[in-house]
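*Asks:* Listed in order, the protein sequences are those of chains W and H.
Heads up: the first sequence runs through residues 0 to 228, numbered per numbering that gives the first Met the number 0.
Heads up: the second sequence runs through residues 0 to 384, numbered per numbering that gives the first Met the number 0.
To be clear, the hints were calculated from the coordinates, so they are not data collected in a lab.
Be aware that a few hints might be false.
As the list claims (entries may be wrong) - Covered stretches of chain W, as calculated for chain H (at least 3 residues, CB under 8 angstroms): (1) 16 to 26; (2) 44 to 55; (3) 76 to 83.
None of these values were measured; they are calculated from a predicted model.
All C-beta atoms in this analysis are idealised placements derived from N, C-alpha and C, irrespective of residue type, glycine included.
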Amino acid sequence: MVLIRGLTKSYRRGGQVVPVLTDINLEVAAGEFLALMGPSGSGKSTLLNLIAGIDKPTSGILMVNGLDIAALSESELADWRARNIGFIFQFYNLLPVLTAFENVELPLLLTGLSARERREHVHTALEMVGLAERMLHYPSELSGGQQQRVAIARAIITDPAILVADEPTGDLDRVSAGEVLTLIDRLNRELGKTVVMVTHDQRAAGKARRLAHLDKGVLLDEEPITRES
Amino acid sequence: MYLAKLIIRNAFRHKLRTSLTVLGIVIAVLAFGLLQTVVGAWYVGVESSSSTRLVTRNAISLVFPLPLTYQQRIRQFEGVRLISRANWFGGVYIDKRNFFPQLAIDAEPYFQLYPEFRVPPDQAKAFLVDRKGCIVGRKLAQIYGWKIGDSIPLRGTIFPGNWEFVVRGIYSGADARTDESQFFFHWTFLNETLKRTAPRRANQVGIYLIGIANADAAAETSQRIDKMFANSLAETLTETEKAFQLGFISMTEAIVVAIRIVSFVIIVIIMAVMANTMAMSARERLREYATLKALGFGPAFVRALVFGESLLIAGLGGALGILATLPVVQAFGAVMVKLFPVFQLSARTLAMQVGAALVVGMIAAIVPSWRAARVRVADGLRAIG
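Next up, chain W with everything else stripped away, as it sits in the complex (with noise of 0.2 angstroms):
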């Protein structure tokens, strides 16, 4: 699903080029759930952004179900986010001024579907997380919880192949973190998305089937996990 090879990314910061990431090599099959860990600043969040085709390599190979999305331009790599990739962000980003329902319809907008076929695969996405009766909620009027898992529907709601997961469970309790990560759980092993997911949170690392360490930009090893049953 996604292979790296040699990649790097550095950034200019005023006339420095700071390294973020040196020679990354990194393989990902479909349906696999990987986890990224590290200190801050080790360069795991960046690494997860060149995956999901947000941000691009200063060289290397970058491959993702044998595209070179590094090759494609911002409005290729737009569409191409769009139809693959499913975004779940650390502190949500729902839009506000939308309910759960105009949310999670979106990614939708981005489709040919008409309204009444976005208004069932909505209701869908919302079921499976367990919101469909909090629809016309704004996110201000839902938990911490609920919103991640409004924005985990929004994720899947166009059926895409990756899952990539930006600290997750970073702002949730404890309570709300371990529904939100059965649900990723479920979502790996029950419909085979494949996800990368950048976490601190040892418990939340504990649900991948491999973990890889980072720092300084530099992957340092990777080894399976036991999952529990």
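Based on the hints, put chain H in the right spot on chain W.
*Replies:* Below, chain H without anything else, positioned relative to chain W:
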């Protein structure tokens, strides 16, 4: 649909901020419209000028008169359809502050030259047979409560003495832009009185008003008239009525220009306020724009969100400002009727107000929409709103 939904909801997300911005635009558009109407009122004489009317005056200055004998000579020119004469009287009605134009006129040709001054036939007839009669404008009659038959005393300044006239007619304007504040009486009454009291000032005319058959012949006719009286004791300057009116305005042109500039400065100021509002809103929503781009929406969608919101707020403020302008102009016109006898919101001013609101909305959104559209997704997702 979604775009419109987002635009409307975003525009009213911060109700206080939006309300204050809209209020600012309302005041700016209202002030702009009012000041432009003041400028328009200044030019109303110019705009109501006829292209087939010429004015002949003394070439040295309007202060100096022309001989009465010129009238017949000018009348004989080919292309001259009508000619009348008028003297500015400049009298005082009770108090110097009660200013209104007073003209001694050769009545019959004068009202033929100015069909926009509509006098009921019976009143016109009554005026013509009464040498001390006067015809006053409808607005003037309303201001001072004059009725047909009322006696109007004027204290002469240019022509000293106590003059008394009887209201024989009240004229109304053909349209809303006609000046209804003028006072007309017989030139012959003025002249007969001068023959007794100041004979050396008799048979002198302030200006000749000439009606020509063909507007295209205005320049040529003017030149021929002036040529006829060249090298005489009273050389003439003949010009179109429009040029004659513009001559008065040029004396106060600096004020008019200043008012115009101020009206546009007001729009520039509100544009800056609006730009600040949009910049604040766009900065706060950087993460939302980045999220939309992450989901696959393009820069054009983000740009449209910002522009749409800006145009909505500016449009709302503009619409309310225009609605407020109508009663304010009416009230201002009622209070300032002595200074501005014709004070009306024109279609041109209305169009300028609409244009101003649109320009404010467009320009205020340029930088914020450009920034929002260009936001790098990764950077925008890290932004703190």
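*Asks:* Give a verdict on every hint.
*Replies:* Structure-based check of each hint:
1. 16 to 26: Coverage by chain H is violated for the region 16 to 26 of chain W (0 residues, Cβ < 8 angstroms).
2. 44 to 55: holds (count 5)
3. 76 to 83: holds (count 5)
Going through the hint list in order, the structure does not satisfy hint 1, though it satisfies all others.
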